[in-house]
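Student: One letter stands for each residue in the lines below.
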Amino acid sequence: MKDTSHIPAQISLRQWEGRYRSLREAGLREASYGGPLQRHFAAGDYRLEQLRFDNSAAALRLWNFLLSETERLFAAKRAGKKIIATMKDLGTVPILAYALPETVAFYPDGTWWIPCVMRQSTRDLAIADAMGIDETFCPVRAMLGAFETNQHFPPPDLLVCSVGATCDDFSAIAQRLESRRHAIHWWEIPSRQGAREEEDVMFVTSELRRIAEKLAEVTGYELTNERLREAIAQANKVREKLNQLRQLVFTAPKAPLPALEMLIAEMLAIHYCSDRGETLAVLAELVDEVQVRIEMGEGCLPADAVRVFWVNPVADLRVMNLLEECGGRLCGSDFMFCHALDAIPTDVLPMEALARMALADPMVGPAGERARRIVRDAKLFGAQAVIVSRIPGASHCATEGTVIREVVSREAGLSVLEIEVPPVSDGVRAGLRTRLEALMETVRRKRA
Amino acid sequence: MAVGTVAYFSPFVPAEWIAAHGFEPWRVVPGGAGLRGSQARAAPPEHGSGTEIVPDPWHPAAAGVCPFAHDFLMEVMGSGATAVIFASTCDQMRRMAEFAMGGREGRLPTLLMHVPATWQTAAAQEFYAAELRRLSRFLVELGGEKPSHERLVEAMLAYDLRRGDLSRDRKGATGTASELSHGRSLTVAAQIACIGMRVALVGGPLRQQDGWILQHIRKHGGEVVLDASETGERCLPAVYQEAAVREDPLRELVRAYFRSIPDVFRRPDTLMQEYLRREIERRRVQGVLLIRCVWCDLWHAQVGRLKESLGVPMVEIDLGQDDRDLQRIQTRIDALLDMAR
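These protein sequence lines map, in sequence, to chains A and B.
Under my numbering, think of the first position of the first sequence as 1, with each following residue one higher.
Under my numbering, think of the first position of the second sequence as 1, with each following residue one higher.
Worth flagging that the hints you see were computed from the coordinates, not collected in a lab.
There could be a bad hint or two in this list.
EDC-like mimics (lysine to aspartate or glutamate), calculated; alpha carbons at most 20 Å apart, straight line [as the list claims (entries may be wrong)]:
{"id": "1", "chain 1": "A", "residue 1": "LYS81", "chain 2": "A", "residue 2": "GLU102"}
{"id": "2", "chain 1": "B", "residue 1": "LYS307", "chain 2": "A", "residue 2": "ASP129"}
{"id": "3", "chain 1": "B", "residue 1": "LYS307", "chain 2": "A", "residue 2": "ASP134"}
{"id": "4", "chain 1": "B", "residue 1": "LYS307", "chain 2": "A", "residue 2": "GLU178"}
{"id": "5", "chain 1": "B", "residue 1": "LYS146", "chain 2": "B", "residue 2": "GLU247"}
{"id": "6", "chain 1": "A", "residue 1": "LYS81", "chain 2": "A", "residue 2": "GLU213"}
{"id": "7", "chain 1": "A", "residue 1": "LYS254", "chain 2": "A", "residue 2": "GLU295"}
{"id": "8", "chain 1": "A", "residue 1": "LYS254", "chain 2": "A", "residue 2": "GLU298"}
{"id": "9", "chain 1": "B", "residue 1": "LYS307", "chain 2": "A", "residue 2": "GLU135"}
{"id": "10", "chain 1": "A", "residue 1": "LYS379", "chain 2": "A", "residue 2": "GLU369"}
Partner residues aside, some chain A positions facing chain B, computed with beta carbon under 7 Å [what the hints assert, rightly or not]:
{"id": "11", "residue": "CYS167"}
{"id": "12", "residue": "ARG176"}
{"id": "13", "residue": "SER179"}
{"id": "14", "residue": "ALA183"}
{"id": "15", "residue": "GLU188"}
{"id": "16", "residue": "MET202"}
{"id": "17", "residue": "PHE203"}
{"id": "18", "residue": "SER206"}
Restraint ranges, calculated between C-beta atoms of paired labels, are given here [to be verified]:
{"id": "19", "chain 1": "B", "residue 1": "GLU308", "chain 2": "A", "residue 2": "GLU197", "range": "41 to 49 Å"}
{"id": "20", "chain 1": "A", "residue 1": "SER121", "chain 2": "B", "residue 2": "GLY164", "range": "58 to 66 Å"}
{"id": "21", "chain 1": "A", "residue 1": "VAL428", "chain 2": "B", "residue 2": "GLY320", "range": "19 to 27 Å"}
Backbone N, C-alpha and C fix where the C-beta goes; we use that ideal spot for every residue, glycine too.
Just chain B, with the same shape it has in the complex (with noise of 0.2 Å):
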């Protein structure tokens, strides 16, 4: 029996990390409201307090708030969840732990965690590891148990499984990272081999409601074969090697995490520039859309550099909160599709 629901999304926030303490982990894929918020939301905890939503204290659009750490905050702040994790991958989230530390909204139990924008120095590696022990203090205050060597390897070894088992079944094409973390399936991302136009999902988060955007490119004779988006195949960790695992399970979930996951954040991004690369061209794709929160920068700036590197046809589409949107995102989309055939 879990001590209580720990909400997270930052995938540099190793979920078996948080259960080895007792907690059950939460990645939150806000489930938004509007045109598509009915459907399904993330998992929720199974002892909260249900769906409620905050008051919004903003206007996202204007203020140039991105609407997906707007929405995350808003979803964990009414949740239950007993505390929640924010990573500063990116400044907008770095700055929403700020409300959930002690704003408006209420306080809820938080940590930020800093994940270091450089990764090529052992100081950054034991930096993001020192993070990872003060989040096993954070825990552990909130009355979870510091887990024995025994009981993290095996947390470490399940998860690692189940991510392995998830991937298999799907054969190597697409799924979130959060489906594959915790087993259920939030979005309809490709599950059989392709025979459409193979397009690349390459970006920011999807939320809930974005799920329509998958659904749409296999309507009109598309087919996702890589969702590297950051709820997507791109940021889940590396495979555990079990023998490391058994030797030293902190160095190796560094490893897995803070060494291997290519994200747009990190200094320099030569990680994720070789995963799309050879990800690209590995899985034959002949179209890339790139999904953008608006007032993403970091992802704006690599629309660009990516039309330069990747070689093939992409089009941008940046998610807001407005449902007028729709129309001007699946033109797009298809301008895509007409592109890459």
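For reference, chain A alone in the conformation it holds in the complex (with noise of 0.2 Å):
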């Protein structure tokens, strides 16, 4: 029989068993954290046996990693580390915290993914509906039910959150947070508007100082000139490496990595999934999978897939899959944190270049603008349409997809179709199928 073991392939949990054992019996190396997928479903994470997975060791490793962060946040706290909780940012603070020795950064708001990689089997979203937090709230609520039962990450030594230009739910939830007794350190991050930039710039400099000071007094280190420029230059290697990874994938006649993986990738951008050093590696030994994907001709999904450009991450992991099964690929995204992608100014005060990337979020500024980059990136990767994904309850969707689609319509002529996807979208599955395998159809006319 033909060994089509190294075919980039998608495949199940159940088959990942046997590929598992394949790889081991070549001698497959792991990290630390490595082992069969399998032992994430018997912990909990039932949505796995739903989802299909890129056949490759890099893919293996990166779900490990991905699937062993609690593990490794409760290990931190064990070794006496402090434990910073950002919150809202997504790509700022962890810079500065992990710019400090002994400390690890993470982001509670990750926890919104726990009801679909659970499959709703914990009580997290309960707890927030008991706290008035309900269904019309963005996900990202479930972790309210994270800090009461301490079950996915440690009783953090700080919690910092962005406010201003923020979604109201995020800001409506934190508050909540911070009303049962979790105290939170709060910090502004003003609208985004080009008449008052250097302004903007100089008070967020400002605010990042008032958080370094709340690090050194949490964590006895000072936070000095030297130390924040290291951990910028470790946050553009991962940055740069991330980025060579979009341009590879979005970029190759065949897609050499699938869609799930690549928004697991990018996520690690943002906090490092607990582990700077190891996210690089991770990210590198994906950088060489595809390389040798491409090199060889070879790819997880047909040529003739549609070249979708996805907008804001997805609460349910299965749409990503769904997207491939409808005869799509991913070749561009805006996950809600490009600002997390671009490197880092290194020809300025490094506490100024950290407030001119976090005033880059996407999110703070008007949606006109974050379409026109859409507009940009889709071309550069060559995207035939985009997708945007709405996120239930969460403020910023109410308005955002009117003007995106707008505007990519105008200026790049693509068609664009908007979605909601909840943390388990089975009920909604068949309808979404439909719509999206509607867009396929459409580009495909529109190509021929």
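Assembly of the complex is requested from the two constituent chains, each provided in isolation within its own frame, with the hints serving as guidance.
Tutor: Written out as structure tokens, the structure reads:
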């Protein structure tokens, strides 16, 4: 029988059992968090059973890295490290935290995937419901439950949350959290307006200095310019590697890595999944794998798959699989943190550089600006359609889709589809499939 | 003679600052349409083009758009106002500003004023002051005149006096911030000594067509003794200290508005929590009606917390655009009155 194990493919959790054995037999060497994916399912990550995964060792490492973050955080706590919970800013405060020795940062926001990954087997959403934060809010409300149960991360030594030009639902949920005796260090990110640019930079720089002072108080380490420069250099290495991966995957004739793995890989850039060094290694292995596949002319999807630019992260990971089942592939993304992918300037003082980065957040400026970046990147990656994935209950989703649709249609002539994805989308899957298939069909007709 | 009319809604936009630049400040409380749409609208600009409402580009209820923010934009865009000021105090209003600036509704000179959610630092206070100065430059570009020290002091004291007079006339009862700002009666807020069930309105803004809620409360044996809605007394600025006004009017504006108004978007929200606890106790409130617009996360998230902390019965109503909500809201108000009894 012909050995096809090296051919890129998407396989199920069950198929990974055999694949894992083969890789081990072939001499697979794993990181400390390695192992078969099934163990995560056994531990309660039940959604894995419905997902389809890339079959490479690099993807295995990526998934194991992601799904072991809870263990990593508890281990860090036991080792006496300071745990910093950073909320909402997506990419800025972790750089400050990781500049300090013995300090680990993570995003409680990330618990918004728990209802999906654990197929709502946890009490997190029920706890949020009991606090009056019901399903009309963004799924990030799951973090209220997570803070009550302490099952997904240890009690942090400091909570930092950005407010100002942020979604109302996040600000409201974080305030509800504070009312439960979780003290929060609030910092302000103003709405971005060109006319006020330099004043905003100065203001945000001063806000970040306030955070640095608080971090010094909690960790006992001063955040010097030298430490921050080094942290920025490390962040830029991660961003460079991620951008290399994006460039390779989004422009390859055949998709060398599926959409789901790309979504997870991009998420690493905002807080390194609680291990900065390992993040770089995981991304490097993915880049190596993708380069080999491109050189071999191999991909995990047909060459005629419709090239789709995706806007906003999905609460249900399974929908990224669905995109591909319907004939699409990912060719560009704006998962709400493009600013965390751009290189941080190194020709200005480090705190100012971070302030400029924070102000580049697509969510703090007008949706029109965000749309124009989407147009630019969609053209760069040759996208043929744009999907705006609404986050249920998120205040920004009420109007941004309208703006993005208008700008993308006018300036790029691309078809735009707006969908809404709940944490577990099984109930609306048939409808989503129909709409995605219709989009693919539309693009194919245009192409023909 | 005013050089134009400047529309706004946020209580953090000082009417006297606009007036001192030679404009008529117009705090827009949308009139809306539908069942109660024929009721009186907010004070229209005298020289505006009337009450024409531009075509509605969305279906707000389906799209998750805040009906108040939506109606505000629609009303302003069709009003003939010279300019409009939005404040970033909620995400929906912030995003509406983008439509006013260049969306398909056409362009209207628009300023999005960032009011910091954080308020305890000197930097946040200075940011607000800087935004007032930016508003000043915006008004000057539109033909206004940068006010002299004397003119600003005069405008501030005049507005302070007018607000004080109206509050005294009401014997400590309620009125909307709009009427207190402009000396016009816009709602049927309580004006007499309370004889019924003592109710507090807490929450976001009421539109013109929501005035029936106050009538319904009174008709069913209640009396609003505290209007802590966003169109109510909660969002009035602090009383000015005349000496401080004369010494440094801008600093006093910052104190009276930014440092004093207890609102739901502020982080932490301790000013508002303290205000509600204090006033509910002082006015011997027996029941709280929490009013919020559909899709308002900021107020929605307060429901559970206020139920825990206020110690009086509370009922939440959400105001949408659908007239079919009427019966549901009436039932909930009746339930509150029953509970409070």
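Student: Give a verdict on every hint.
Tutor: Structure-based check of each hint:
The straight-line distance between the Cα atoms of LYS81 (chain A) and GLU102 (chain A) is roughly 5 Å, inside the 20 Å bound, and the hint therefore holds. Distance restraint check for LYS307 (chain B) and ASP129 (chain A): the Cα-Cα separation of roughly 14 Å lies within the 20 Å cut-off, and the hinted pair is therefore satisfied. Proximity of LYS307 (chain B) to ASP134 (chain A) is assessed by CA-CA distance (about 15 Å); at most 20 Å being required, the pair is judged to hold. Among the hinted pairs, LYS307 (chain B) with GLU178 (chain A) is consistent with the structure: their alpha-carbon atoms are about 16 Å apart, no more than 20 Å.
Straight-line distance between C-alpha atoms of LYS146 (chain B) and GLU247 (chain B) comes to about 18 Å, which keeps the hinted pair within the 20 Å bound. Straight-line distance between C-alpha atoms of LYS81 (chain A) and GLU213 (chain A) comes to about 18 Å, which keeps the hinted pair within the 20 Å bound. Distance check on the hinted pair: LYS254 (chain A) and GLU295 (chain A) sit about 11 Å apart at the alpha-carbon level, within 20 Å; holds. A C-alpha spacing of about 7 Å is found between LYS254 (chain A) and GLU298 (chain A), which places the hinted pair at or below 20 Å, so the restraint holds.
For a cut-off of 20 Å, the pair hint linking LYS307 (chain B) to GLU135 (chain A) stands: about 19 Å separates their Cα positions. At roughly 16 Å between alpha-carbon atoms, LYS379 (chain A) and GLU369 (chain A) fall within 20 Å of each other, so this suggested pair holds. The interface hint given for CYS167 (chain A) holds, since its Cβ lies 6 Å from the closest Cβ of chain B, which is under the 7 Å cut-off. For ARG176 (chain A), the interface hint holds, since its Cβ comes within 7 Å of a Cβ in chain B; the closest pair sits about 5 Å apart.
Hint status for SER179 (chain A): holds, given a least beta-carbon distance of 5 Å to chain B, under 7 Å. Violation of the interface hint for ALA183 (chain A) is found here, the shortest Cβ-Cβ separation to chain B being roughly 9 Å, above the 7 Å cut-off. Checking GLU188 (chain A) against chain B: minimum C-beta separation of about 5 Å stays under 7 Å; hint holds. Residue-level restraint check for MET202 (chain A) is violated (minimum Cβ-Cβ distance to chain B is 9 Å; threshold 7 Å).
The closest approach between the C-beta of PHE203 (chain A) and any C-beta of chain B is roughly 6 Å, which is under the 7 Å cut-off, so the hint is satisfied. Proximity of SER206 (chain A) to chain B holds as hinted, the smallest CB-CB distance being about 5 Å (cut-off 7 Å). Separated by about 42 Å at the C-beta atoms, GLU308 (chain B) and GLU197 (chain A) satisfy the suggested range of 41 to 49 Å. Taken as a hint, the range 58 to 66 Å holds for the pair SER121 (chain A) and GLY164 (chain B), whose Cβ atoms sit roughly 59 Å apart.
Between VAL428 (chain A) and GLY320 (chain B) the beta carbon distance is about 23 Å. The supplied range of 19 to 27 Å therefore holds.
Violation of the numbered hints given earlier is confined to hints 14 and 16; the remaining hints are satisfied by the structure.
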